[in-house]
Amino acid sequence: MNAIKLWYHKLGSPPYFYVFAGYIQPWLWTIAAVLAVAGLYGGLVLAPADYQQGDAFRIIFVHVPAAWMSLFIYGVMAVSAFIAVIWRPKMAEVLAMESAPIGAAFTLIALVTGSLWGRPTWGTYWTWDARLTSELVLLFIYLGVIGLYHAFEDPRQGARAASFLAMVGAVNLPIVHYSVVWWNTLHQGTTVRYFGPSSIAPSMLWPLLAMTIAAKFYYGASLMQRSRVSLLSLERGKDWVADIVRGEPTHG
Amino acid sequence: MARFLAMGGYAVFVWPAYAVFILVLAADVIATVLRRRRVLRELRSRIARQGRRRGSVSP
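One line per chain: the protein sequences are A and B, in this order.
Quick note: the first sequence, position 135, residue 135 per our numbering, numbers continuous.
All you need for our numbering is the position in the second sequence, starting with 1, plus 1000.
Everything labelled a hint here was simulated from the structure, so no lab data went into it.
Every residue gets a Cβ at the ideal spot worked out from N, C-alpha and C, and that includes glycine.
One thing to keep in mind: the hints can contain errors.
Some but not every residue of chain B turned toward chain A, in silico, with C-beta under 8 Å [as the list claims (entries may be wrong)]:
#	residue
1	Tyr1018
2	Asp1028
3	Val1029
4	Val1039
5	Leu1040
6	Arg1052
Model the full structure from these sequences, guided by the hints.
Pasting the structure below:
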């Protein structure tokens, strides 16, 4: 227990986090890339065409992982934002603020790929269905958090304001998740379950899970990369940053 | 191969979806790499300025 507490406090220190993030980053990229290659091969080549949707169903392998990530990253961002507002450690602010653009990217991917999937299966690119609308609202909240963060001269003040918005915006998460249950929508319900049997064939399920885990590792890798840059900028007056800048090759 | 690329007639929906997935994530990574370069450049000139100032104090 003490070891975990010590580790938590160490990671809360920017120079230690910078080194730690640099150390784990290549591993996160590698795992994400290997899983993505396996998932793409399984999804595009090995999995058979769907008996109803033909090959159009293959969009699932990018759409569903992106949609799940849009909610997962918001959850991580909201928890970091909560910690940032209550206890004000700099690292929580950095993790919350650097999560927002990655979450926005996945939300955009979910919306666009969903639209490209909707056209052949539903006959329309867009409809004001509860799931689609709440996911669009999610994108706007992400953009609001990013915009508010950059609207302040002082990044710490900006991070605090944007963290508040991120916490308030979390009410949208259950709305997105349960929209297919609460409203009678065009968007289909859940087919992949943690508990109980999933209503999807194993040859389609494993590439989907591989892509999902790849997306999680991608998020980790991108967050580490972003947080390192953010720390260099935020801690610019500190000696540890000067030491790193002197040690970096000039093209870096 | 042509059969694979045709995606059973759904090529115009499937491939753009995969392209968006890859391009948006690539943009996320490239934006961060460029930001890192910019931040390092700023920090380098900042350190150079401080070095000069210190140099002028002691002749």
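Item to complete: May I ask you to test the interface hint for B:Leu1040 with respect to chain A, counting a Cβ-Cβ separation under 8 Å as satisfied?
Response: holds (6 Å)
Discussion item. A closest beta-carbon separation below 8 Å is what the hint needs, so does B:Arg1052 meet it against chain A?
Written reply: Violated: closest Cβ of chain A sits about 15 Å from B:Arg1052, beyond 8 Å.
Item to complete: For the hint on B:Tyr1018, just tell me whether its beta-carbon gets within less than 8 Å of chain A.
Response: holds (6 Å)
Worksheet item: At a threshold of 8 Å, is the proposed contact between B:Asp1028 and chain A supported by beta-carbon distances?
Response: Where the cut-off is 8 Å and the nearest Cβ of chain A is about 5 Å from B:Asp1028, the hint holds.
Practice prompt. Please verify that hint: B:Val1029, Cβ, nearest Cβ of chain A, below 8 Å or not.
Written response: holds (7 Å)
Fill in: Cut-off 8 Å, beta-carbon criterion: hint that B:Val1039 touches chain A
holds (5 Å)
When the structure is compared with the earlier hints, a violation turns up for hint 6 alone.
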